[in-house]
Structures are given as C-alpha cells and as structure tokens.
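Peer 1: So you can see what is in the structure, the chains are spelled out below.
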Amino acid sequence: MVKPQFLGRTGTAMDDLLNDFLAETAEILAEAGGAIVAWEADPTDRAQLDAIFRFVHTIKGSSGFLALPRVTALSHAAEDALDQVRRGNRAANAALVTGVLGVLDRLNELCAALGQDGSEPAGDDRDVIGALVQRAEADAPHEIAGVPLRREDDLGADLQSWRSIRVPLPLLDSVMTGVTDIVLARNEFARMLRESGADLSLIASFDRLSDSIAGMRQSVSQMRMQRIDKLFAPLPRIVRDLAQELGKKIAFQTSGGEVELDREMMENIRDPLIHIVRNAIDHGVEPLEDRVAAGKEITATISVSARQSGNQIEIEIRDDGRGLSPDALVAKAIAARLVTATEARALGPKEKLELIFRPGFSTAAKVTAISGRGVGMDIVKANVEKIGGIVELRNDEGRGLTILLRVPMTLTIISGLMVRAAGQYFAIPRGAVREILLESGDTVRIDRVGGGELATVREEQYPLLRLETILGRERHDGDDVDDRALVIVRPGQGQSYALSVAAIHDHEELVIKPAAPMIMATGLYAGTTLPDNGRPVLLLDVQGLLAAAAIDASEAGRSRDRTAEAEAEAVAARNAAQLLLFRDTNARIRGIRLSVIERVEEVPVSALFESAGRIQAQIGDEIFPVHAAALPGGQGTLKLLRLYDGQAVLCYPIAEVIDIVRLPDAVQPSAAPGLVAGVVLVGGEPVELIDPFWLMEQYAAGAATALTPRQPLCRLADDRDGWGDNFLAPILRSAGYRVIADGDPSDEAPDVLLCLTGDDALCLQLAGGVPVIRLRTSIAAAGPEDETVYRYDRQALLDAMRRSVGGAGK
Amino acid sequence: MMEKLYLVARIADTRVALRSRAIHSVVTVGTPVEVPGAPPHVAGLFALRSRVFTLVDPHVVIGLSAVPVAPGQRVIVVEVAEHGYALLADEIEDVCFIEAPETRITGKLLPGWARVADAVIEYQGASLLVVDPSNFISLPTLIAA
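Read top to bottom, the protein sequences are chains A and L.
Using our numbering, you'd call the opening residue of the first sequence number 1 and step up by one each time.
Using our numbering, you'd call the opening residue of the second sequence number 1 and step up by one each time.
Since the hints were derived computationally from the structure, they do not count as laboratory data.
Just so we're clear, the structure is a prediction, and the values are computed from it rather than from any experiment.
Not one of these hints is a red herring.
Just some of the chain A residues that point at chain L, by a computed CB distance under 7 Å:
| hint | residue |
| --- | --- |
| 1 | Leu184 |
| 2 | Ala185 |
| 3 | Gly472 |
| 4 | Leu524 |
Covered stretches of chain L, as calculated for chain A (at least 3 residues, CB under 8 Å):
| hint | region |
| --- | --- |
| 5 | 25-36 |
| 6 | 51-62 |
The beta-carbon is built from N, C-alpha and C at its ideal position, and this holds for glycine as well.
Looking at chain A on its own, in the form it has when it is part of the complex:
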C-alpha cells in the first residue's frame, strides 16, 4: 500500500536522456547569458568567446543525438556565427551579441516546451537565425575558402571534465527525508535505550552508530548545498537588457559566488533578488543627465555580493544611484493613502524608509513596464520572511541604496528553544529569541493597561502576549508561578514583543517538518518536530502569534524619544564587536571577533598537508596556511575558521562553534603579546580571546611577498632553448620578481635584464639603459674581470638581482 515514488519523469531511457539534456541546457543557457554580456563588454576577451562557443557547441551536440531539429538548427547557427568571430572573419558587435542572445532566448522557450510536452513544438526559427546570418554576410564579404578546420580541436577545457554527476532533485530530496527519518528514529531509539537501562557495551555501540548518523546528516545537508553562483548567473543578462532598454550605463559585479546555500532557500530568494536588482536599475540608477548633474560617473555600479556569517547568509545588493528620499517616500505614502499626514509626522527616519515595504506602495512616479508589475517590496519582504530571513535597508540619500537580505543557510534543521504552556511543550526558533527573563525578576515590570498587558524591561516597553491566551487554553494547575518566564521575541526587523510562558525548558537542535495543512492554516505553528522524548512538539510561528493576538508589535513610536535611542542602539549593536565562541582543538573555550572571520570551513583531514615547514590546507583550488603545530591525525573532517584581514587568509582549526555573543567591554589583557590577547567573561565563564593581529602577523610574512603591489619586472633576453623560461623563471618568481620572456609584447620597461647569451654586444644593445645581468654556462669564471654569473649559482644570481634592482627579493 505504499505509494510508488516517481523521481522526475521516468519511463523510458529516452525520457531520462531528455531530462538530462534539459537540465544541462538550462544550466548552460543561464551561464551563457552572463558570459555573453561579459564578452560584449570586452570583445577581445578570447576566453569568454571560447566559453560561449563551447556552450552552444555542447547544446548542438546533445540535441543532434536526441533528434531535436529546431534546437540543432538554432545552436548550429549561433555556433557558426561565433566561429566566424573566432577566426577573425567577423567583428564582434552589439548586433551580433543581440542576435546570439535572441537564439539563446528561443532555445530557452523550446526547452520550456520540451519539458512540458516531451516533444519539440513545430515552429519557424528563420527570424532568429536570419538575423544572425544576414549580419554575417554584411560583415564578412569574403570567407576564406580552403581546408575546413576541425572546430573540436581547441575545445580543450571540456565541460565533461567536472568531477561531478547529475542527480535528479527528487532523489536528493528523498535522501534528505530518509536521513531526517533516521535521525528521528535514532532519537527515539536512544530514549528507549535509556529507559530500558541497557548495559554499557550496548550503549557504546549505539553511540558509534549515532555518531556515524550525525556525520551522514552533515554530508546530506551539504549535498543540498549549492553555490550561490547559480543564483547570480541570470543577473548580468537582466542588467544588460534592462540597462539597454532604459538607456542607462551600468557596470554590474558579483562576488562571493562560492558561498553555499540550501537549494530550497535558493528557490525562495531567486525572485526577491531579481526584483531588487530590477528595482535598482529602474528606480535607483538615475538617467545619464542626472548623474552628470550630480557629478557622478556616467556608468553606474550595481554590485551583488554574498557572504556567510554564522549559519546565516547575507546577500547585499548595492547601487550608487539616487538612494531613497525619506520625504519623497512620505509624500507618496500620503498620496497613496497608506498613512495620514499626522501619522507621517510621527515617523522616524528609519520608519519613513520602511514605507516602501507597505503593500500598495510604489516608488516610481509612474508605473513602468519594468518594475511596476504589481509586485512590490512588500512581496519581497514577505517572501524573505517566509523562510525566516530579514530585509534591511541602508540608505545614503543621493549616493545609493544598499539592500541586505539575511537568510538562514538551511530550513530543515534549526536550533529551537523549548517552552511550556498549558501543560505542553512548544518550540520557538532560537533565531527569533532576543532575551529570556524570569517574570518575577527585578528587571521586569508588568502593567495591566486597559485590558492589555505591557512588559517593561529595563525601561523598554513590549506588548505582552500570554501564550495560553493566544492558544485559547487555561493555565495548567501544576505550573509554578515562579517559573513563568518572558521570552523577548523579535519576529522580524523593527518588531518585538514579550511572550509569557509557563516555563523555559532547554535548547535543542530540531528537525522541522511541515505540519498537516489544517494545522498550518491556524497560522500559529510553523511545523512539527520530534525531540528525544518521542512526544511531538509544535514549532510556534512567532509572526503568526502576533497576527493571532492582533497587536501592533512595531517598535516604532513606542515612546517618542525612544525611537532615536533605539536607532542609536541598533547602530551600536551593529557596530558592537561580536564574539564567536568556539571549542579549540584542545577542548578549551575560546573566542574571536566575528568580523575577522570570513567563514567556517569544514574540510576532510586529508586536505591538510605539511609543506615548507608549515601546515597548509587545500580548500577548493586554493591553499591557505593553517595555524597548527602538527598535522591532525585520524580521519574524518575538521572545522577551520577562515580569518581574513583584507589581503591574506589564515585558517584556524577548531573543534566546534559554540555561539555568537556580544564582545564584553571588559577584557583582562594578557601580559605578553601572543595567541591569547586576554580573557573575558561570557555568561560568567572565562573565555580566552584570540588576538587576530598576532595570529596574522605570524603568517603574514609568507603571504606578503605575493601581495607587494609593485614587484620588480625581469626580462629574459635571448632565451633560445627555453632554459630561462623552464629553469630560471620559477626561481625568480618565487623570489618575488615578475618575469617576462623575450617575445612578450608588454611594453612595460623591465627593471632588470637577464641575458642568457654569450654575445655581449647583443646584450648591451637589448638593454637600452636597463641594468643587465649576464649568465654564463661554464662554472668557472673567464677571469677576474668577468661579471657574468654562473647560471646554476642560485645565491649569486639572486644577490646580483638584488643589487641591480635594489630588490624586493629575499
């Protein structure tokens, strides 16, 4: 009676092939769009051209195999046109790029139809292909006839060489569900084992199983992670098309593409991100003349960057346009009857900006075809908040707007706070909890005002919600009044309230599953979870509770002079240093300023190696120094804090991340400079504070040479047999010189000339005033006057170099 599971479109082998083709093509088309825009910006960029050529070539190849004549014809036409450019028979111009983009668009349409119907729809592509071909004739009147070259010859970097495989998403999801079930089953089993009083050897072997399950869960969550690159891929194309349409000049950049995000989260932020970027182009960036008038560069810059902080991902969309004008926003909001003039006067600067999140608000003076599609920032905000994220605005009026999306890395496993009310347990997402206080504590005052309740905590007021009341339950008789606690909840930006519960239980890592639709429909719950005790627990929807209680939890205007204060506090909190607490590899609890950490990496132990007397780690394609005295033994994985000082990266191995807290003001400094800068008290426990300055200093020396802005340039002259390039150049480069060979067209004047020939006259002629070092092949000098250097005498050579350049070499 188990329902059969269909993994994607299954059935025939042909269907599988078609699925693979569609998935691959969708990926290629997304990437190709970005590559083409980059290429248009710099038509001499041969690498981009080759990449685009490879893309269409791959599509053509696979489509021919699947008998998709339209796709084949389209990709063939694009391939042909690009090949003309590659051979220099045709110039790359905007018309060609538009033509190729037109082909890509048509391919996209065809693939969408293919995915739906399973067959290629009938139709005519002559319009699109014609656009490409015509131009070809006009641009390239003479085509060189002759030997046909094999195009495949230079397809060296084949797409197939990626060491990865394609897995259908439903399969991945079912693995994730399976593992989640295993974790839950383990929890239940652990409880039964404890209750049965099983003997120690049984428990020990269960623990081993338990550990490997935990490892597996980790790997599976990683399997669902995707580089955020994927999300960024369609953006350059969108920016290009829109900028062209609106007659604006925009330079678009992305960074942090290697940051990883759960693919489900990715789906959820795709539309908000695109919407924000479109908004920035349409509303943010001024028309050319306005930019000139404002004394700005004509070309506007829009940048999208991602970074990981803790278990959250921050995506920043920054433009250097006109920014938001609070007064204009207010005027518009009044005109749109979203607020009254009286209400508007009471708004603080931040609340004025946040008017753009009100439903029905549109900043454009007129509804444009681009952003004014009835989808506003309110939808963006709602979508981001739905997945537990927040949207933040950083406005610099006249100079640009930055929008920050902060979303959790993964949805399925969250850290939760267990509370009790009406005799049963509920979970609250830890991320939304700001503070926990005892109701009977000295810092808390509760007032009954006109039937409602207000909690005042350290002179700050919060609306008070009693969980039992919202849930429509009576207080449980067994509850001790002294246990009652207030949880200060921050469901979203600018909102907070105090939730009164019967007792606080503990923190737990919870696997969250959606509850049945009729339970979700109450709006009170965000899902269910099964903790170790085996009794289901409901996860409260902290935003939904607000709606159910029908109270206004907005922090705005709770007290007039407090707004500014709260603002200042928020700024202070942002600026206040945060401390990452972690357990060191030798089990000591230490802390380090969060801001110096770029991200936390988890690498297999085998990624660490010893080289040149220090421990290094290979992460992706890069190698970083690691702060460790010896290679860690054993197997499995290792967590590394990646410290970044703006120039260099250093990895610091840790056992686990514990928490992120505010850095206490009082630091007991240590006597001498060293790894530990001092000791601070966090929650009453002493914590050693790592000194990132000292740490970076230890490793900076090695990295510095590579980063010296101006490295002396050394030219190899008369390197006939390639000895200079093969034997000499690597030594020079590692000593901090840049090396160019004889034939190099660079017209930068070298700082020193290395002459590999015995011909003195030629050397002098080549030198032209630049210091010359001549090398000889024989070990013995010709005489006391001989200034040549024996070519295998490394020290003498480097000394000579240093004398000539006054060098950076060491």
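Once you've looked at the hints, dock chain L against the given chain A.
Peer 2: Relative to the frame of chain A, chain L by itself:
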C-alpha cells in the same frame, strides 16, 4: 484486486467499509499531544516510527461531539497528500475482499455522512456505507475554507 479490498470498521458509531487504497496500517496510540487552536476534528498529534501523525476524530467530521482518546485506542493510519493522518476507530472488524459491487446510496443520510460516504456495499448480509478514508481529512478543510 486492491479495489475490492476493504477495511470493515466502526467509526463515528457506524459500521462502514473503508476503501483500503489509502490505508497504511492500523495501530494503537497513547495520549496524543493537543494542538491548541486547530479545527475541532483535529484530536492531536502522535509519533509513530519517528513520524508525526495528525489524529482526526471522525465523530466531529460527521457532526457528533468529540470523544476523548483512550490510551491504547486503535487508529487507522492513512496518507493524504504526503501527510500522515490517523482516524480514531471505535472498533476494527476485519480486512476483507468484498466481491459485491458498490451501489449508489439510496435513501436519506445524516448530512455529515452524506458528505463523506461514496456508495453502499453488501457485506455478510448487511449494507455498509463505503467511505474513502481521505474524505474525513480533506472534506472538513474544504468546508472550512
């Protein structure tokens, strides 16, 4: 063959033949966890093999008053739209093949039963209402919406 397989049980004080297609198993439950604020036919949550199931009280769906869940009570586990549910059963009789054809309901039923019952079937000399168990889960939600 599966079409002919029925679970004969007494639910909401009535003997019915439940179509077995959606039925997962029949199990006993302990005390369920209440869901404050949920619609009245939701009798609570319980865990089974590390999954959370929503317990539905057919009495309420039919329009009768809710019955308390006794520990050890038997419930019929069904799967609807990838969520697990369980129907409180007063009594489980048998799982059996019924060769007789399903026939149209003649006569007037209580409004609650009229909503969930699909047909009538002849079984061991008695007429039983044929009910798809998923009706108890999806119908009340539709009515509420």
